[in-house]
Each structure stands twice: as C-alpha cells, then as structure tokens.
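Asks: Chain by chain, the residues run as shown.
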Amino acid sequence: MITLVTSLDGGVGKTTLSAALAYHLAVNKRQPVLLIDADWEKAELSQLFRAGYGPGWLSPFLKGEEPQVHRIRDVLHLVAGYDAVEAYQLYDFSIGELEKALEAWIDHVPAFYRGVSVVDTAPTLRLSFLRRMRERGVKIVFVADVRALMRVSDIKAEQYAAYFKLSDAVVVNNTTFFTRNAAPYTLRRVKMPKDLHWEAVAREMLKNRHNRKTVETLLQKIYPAAQYAVT
Amino acid sequence: MNLNLKKGAQILHQFGRKIADLDAPSASTPPATTTAEPATTTTAEAAQPPTPRDDWGVLLVKLLAAAPEDVSMKLISCLDKDVLVKALRDKEDPYLKVALLLLKK
Numbered sequence: 003m004i005t006l007v008t009s010l011d012g013g014v015g016k017t018t019l020s021a022a023l024a025y026h027l028a029v030n031k032r033q034p035v036l037l038i039d040a041d042w043e044k045a046e047l048s049q050l051f052r053a054g055y056g057p058g059w060l061s062p063f064l065k066g067e068e069p070q071v072h073r074i075r076d077v078l079h080l081v082a083g084y085d086a087v088e089a090y091q092l093y094d095f096s097i098g099e100l101e102k103a104l105e106a107w108i109d110h111v112p113a114f115y116r117g118v119s120v121v122d123t124a125p126t127l128r129l130s131f132l133r134r135m136r137e138r139g140v141k142i143v144f145v146a147d148v149r150a151l152m153r154v155s156d157i158k159a160e161q162y163a164a165y166f167k168l169s170d171a172v173v174v175n176n177t178t179f180f181t182r183n184a185a186p187y188t189l190r191r192v193k194m195p196k197d198l199h200w201e202a203v204a205r206e207m208l209k210n211r212h213n214r215k216t217v218e219t220l221l222q223k224i225y226p227a228a229q230y231a232v233t
Numbered sequence: 013m014n015l016n017l018k019k020g021a022q023i024l025h026q027f028g029r030k031i032a033d034l035d036a037p038s039a040s041t042p043p044a045t046t047t048a049e050p051a052t053t054t055t056a057e058a059a060q061p062p063t064p065r066d067d068w069g070v071l072l073v074k075l076l077a078a079a080p081e082d083v084s085m086k087l088i089s090c091l092d093k094d095v096l097v098k099a100l101r102d103k104e105d106p107y108l109k110v111a112l113l114l115l116k117k
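As given, the protein sequences belong to chains Z and C, one line each in that order.
With the first sequence counted from 1, adding 2 to any position gets you this note's numbering.
With the second sequence counted from 1, adding 12 to any position gets you this note's numbering.
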C-alpha cells in the first residue's frame, strides 16, 4: 500500500497532507505508517518530523550506505531525504536517475513493509514516472491549491488535466468557506501553530471537522475498506 | 557523479530483510514521542513525574536539587533571591526553616 503525494506547483501542502495522513493513520487509527521524504528539492518532511541528519533514501544509491529509519512512534517510521537534497543541489544528476532510485524503493518497500507507505515528493514529477508508478499499483494523491480552480491559461489547464488524469485523488488545499466544495477532497485553511512540528501541524489541521472528514474519505478512497477500515 | 542503481537496489534488498518487522507494533512498549526525553536525575524523587499538587515552588526546588551542581549554581545565579526564599518558605520543613534562619543571620 504505497501512496505518492505529488503536485504540479510547489508550496501547495504536500508535506502538510503527508503529515496529516500519517497522524490520522498512526496516531488515531494505530495503523503502521512508513513515511519516505522523497522531495529532493527541500526535504521539508524530514525537518517537520525533526529527523536527525543521516543517511536517507538516496544513500544506498549515492554512497552505498544503508538508509536510517527514524522511529517517530511505535507504528510510525520515517526515511529522511537530506541526502537527496544535497545530491540534487551538488551533482549533475538527470532527474531520470533520481526517479529510478525512487522506483527501486517502490519496488522493494512492499517486500518488507505491510503497512501504509506515504511518499512525499518534489513537485512537477514527470508524467512518464507517474504512469510507471500507477502500473506498479501505487496510489497517486495530487495536491493543488486554489490556482487549480482558476483557469490561468490554456497551457496550465492542460497540465493540470494531465496530472488529474493520472491521479487517484485530487486534493485542493487552502480552500475558503466558499470554495470548500469545489473539488471532492478539499482542505480548509487553518492557522498554523507557531511550533512547526509535525504533530502540532497535523493536529491543528485535523481539528477542523471538514479537514478531518476529507482525510478520512480520502483514505477510504485510496485504501478500500478491505485494506483500510475507518473505525 | 552517478547514482549506482544496481548496488543501491542490492542494499535495499538486504536492508528490507533486516527491517521486515518494522510494521509490527510492539504491544508492550508505550508509544514514543519525538519530544525530547527528560534528563536523567540523580534522586529517585526527582525522577518521578510532577503531581498536580506540586506547585511551582516545589517544582523549582526539585529541579535545582536534581540538576548537577554546576547547573544548579548557574540557575540560582539567574534567579532572584526573594523568589527562591518564597519558594522555600512555603514548605513546612523544620530543616529548611533553620537553613533560612541561618541565611538571614
């Protein structure tokens, strides 16, 4: 059960949604969750979870080192992505190489992990990569903000349409009261806590009844009742 | 620099074998939090979690008593003497009262 959280634009709330999904599954439902911070541009998930610096998901491919698995809770683990950010900034990799390394994770994780794996990614992943992920049975959650609801240009609209087509669910983040029903899965804007710690952020987000319902129905959609039972 | 995809996949394969039971929650262990663990203390009393009855004065005194001496001295030097005396005066302890009288002398 692997979920890839992705987007077209940056800063739309992929990491926040990943944290909220992890919180709801691991803390509220006691379901095992493995988070992989595959955002090679920022690794914000690793920072949000206060993961210490160490070998992350790219280390096996970069340095021949085993990755470090951070135990956040007894049923919640995280593989950080600091090494990938460094590599992305310092070396001349082709994106294809990073994609292949991530694909290797997608291929190997089900062999050793039966819980839910949530992969937070960089924005604008290539459509060919997402197609390959779908072929492997990965659930794709596409996150957008209200820009997706506005027709900025025909090109942008086409880009969104292509991503929507490959996604199992589209979540529109930062909606207002008036746009809350603009898409099947919307997340209301909430006041972010001063301490940007994953628990505080996720709790604040899920305190909102609309957001909590969105997360629950989203999980029901991507993990049908046989695999994920909402209690 | 290139990524070694073949070697990486091998390492992941071996790594997967090692952590195959990652998703098996241990029923006996309470959930760990990411918050910092409290520092170990020197006395058994100080190691106990504060009870709701403990007021700020008691907690402050317990902290100062439990911390290493150099840390306690630094903390005391930051605190107002009257604040400390007030915290101590509230405690019905004859030894403390004598200690306070000695200090006043």
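If you are wondering where the hints come from, they were derived from the structure by calculation, not from laboratory data.
Computed from a predicted structure; not experimentally measured.
Cβ atoms here follow ideal geometry from the backbone N, Cα and C, with glycine treated the same way.
Each hint should be verified, as a subset may be incorrect.
What the hints assert, rightly or not - Which residues of chain C face chain Z? A few of them, derived with a C-beta cut under 7 Å, are: (1) Met-13; (2) Leu-15; (3) Lys-19; (4) Gly-20; (5) Ala-21; (6) Phe-27; (7) Gly-28; (8) Ile-31; (9) Leu-34; (10) Val-83; (11) Ser-84; (12) Ile-88; (13) Leu-91.
Asks: Tell me, in ascending order, the numbers of any earlier hints that this structure violates.
Replies: 10, 11, 12 and 13
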